[in-house]
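Colleague: Sequence:
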Amino acid sequence: MHILHIHNTVIPVKEYGGIERIVWWLGKEQVKMGHKVTYLVPEGSYSPFAQCLPYDPAYPVYEQIPQSVDFVHGHFQWEGQVNKPHLISCHTNFHPKQQYHINTVFSSRDHAARNQSDVFVYNGVDIEEYGPVEIFNQRKHLLFMAYAKRPEKNLKGCKYIAKKTKNKLAVIGLKNKWFRRFSRRIQCKGFLGGEKRDQVIRDSSALLFPVLWHEPFGIAMIECLYFGCPVFGTTYGSLPEIITSQVGFLSNSRKELIQAVKDVGRFDRRNCHEYVCDQFTSKIMTQNYLKLYDKVLNGENLNQHPPVNGGNFNPKELLPFEK
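Sequential numbering from 1 applies to the sequence shown in the numbering used here.
Where hints are given, some of them may not hold.
As the list claims (entries may be wrong) - Calculated cross-link-like contacts (lysine to any residue; reagent style SDA-like; alpha-carbon spacing at most 25 angstroms):
1. 166 - 141
2. 140 - 184
3. 156 - 132
4. 84 - 299
Stated by the list, open to error - Just the calculated beta-carbon pair ranges, DEER-fashion:
5. 92 - 138: 46 to 56 angstroms
6. 274 - 300: 19 to 29 angstroms
7. 54 - 185: 38 to 48 angstroms
8. 288 - 92: 34 to 44 angstroms
Hint data in this document are derived by calculation from the structure and do not stem from the laboratory. Ideal Cβ placement from N, Cα and C applies to all residues, glycine included.
Taking the hints into account, I'd like the entire structure generated from these sequences.
Modeller: Now the structure itself:
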């Protein structure tokens, strides 16, 4: 099958970009499985395993799709019709006015339900791209790994937890010039990708993920679990689906999270690693998407009706984080 992936951001990502890596890993796994993959992506993109065609937002998507394509997998919602079997992955919470295609696939059960759908595929990581996993190495700090400027990612709450537990906090997703009043406990790592990011994760005792919105998925959680880091977060969005009591702790209370982090040693790091290998690899993700491709190719709609956007995120109305 000739599969076309369409995305509006350059691939491969140079630093940290969760969606771009999902797009990359899907194509890579599909090629391994014997399919032909083409990317329709912005200028500057390249891939060793697939052809990259230039995506131009000035023209309708349907005008840019090669005739030889059998299936189109979009990674953003576009306007207009496409005369090829297709689905669209929704990777985030959209603006309330955004309209969904009937073959929209969400990133978690909660993500789908909040948009009146039950169609979702969990993301997965390509474990071949990571270096060695050192389960028993000494861990030096807690970790925050998200775009720090976004208030819903709750860097403020993570700093508080680190302070109260007397831990250092490594921050990936933050530039020094953005915040100048950091204590010596805060280690600003900038925007990292590849081995530099992986080494910071290896040195982390746990990921702090007390998000203040309904997280669609949260690939950072999976990456950190792969390296043996339990996750401590809130109960919003996908987190209760992903983080079991064996690999982390969830609460909307700062006090409870602080107490749990103090007892981080009770978690088995090997269990965290094996949990990802068993449940959240890019191979599993790709197999689940191919099952949905088959449904569409057989003439089925994935949803009974177009999902209804719940308008579920307002950056001025963050979800509660109790003291």
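Colleague: Does each hint fit the structure? Answer for all of them.
Modeller: Each hint tested on the structure:
no.: 1; hint: 166 - 141; in the structure: holds, 10 angstroms
no.: 2; hint: 140 - 184; in the structure: holds, 14 angstroms
no.: 3; hint: 156 - 132; in the structure: violated, 31 angstroms
no.: 4; hint: 84 - 299; in the structure: holds, 11 angstroms
no.: 5; hint: 92 - 138: 46 to 56 angstroms; in the structure: violated, 36 angstroms
no.: 6; hint: 274 - 300: 19 to 29 angstroms; in the structure: violated, 35 angstroms
no.: 7; hint: 54 - 185: 38 to 48 angstroms; in the structure: holds, 46 angstroms
no.: 8; hint: 288 - 92: 34 to 44 angstroms; in the structure: violated, 19 angstroms
The structure shown violates the earlier hints numbered 3, 5, 6 and 8.
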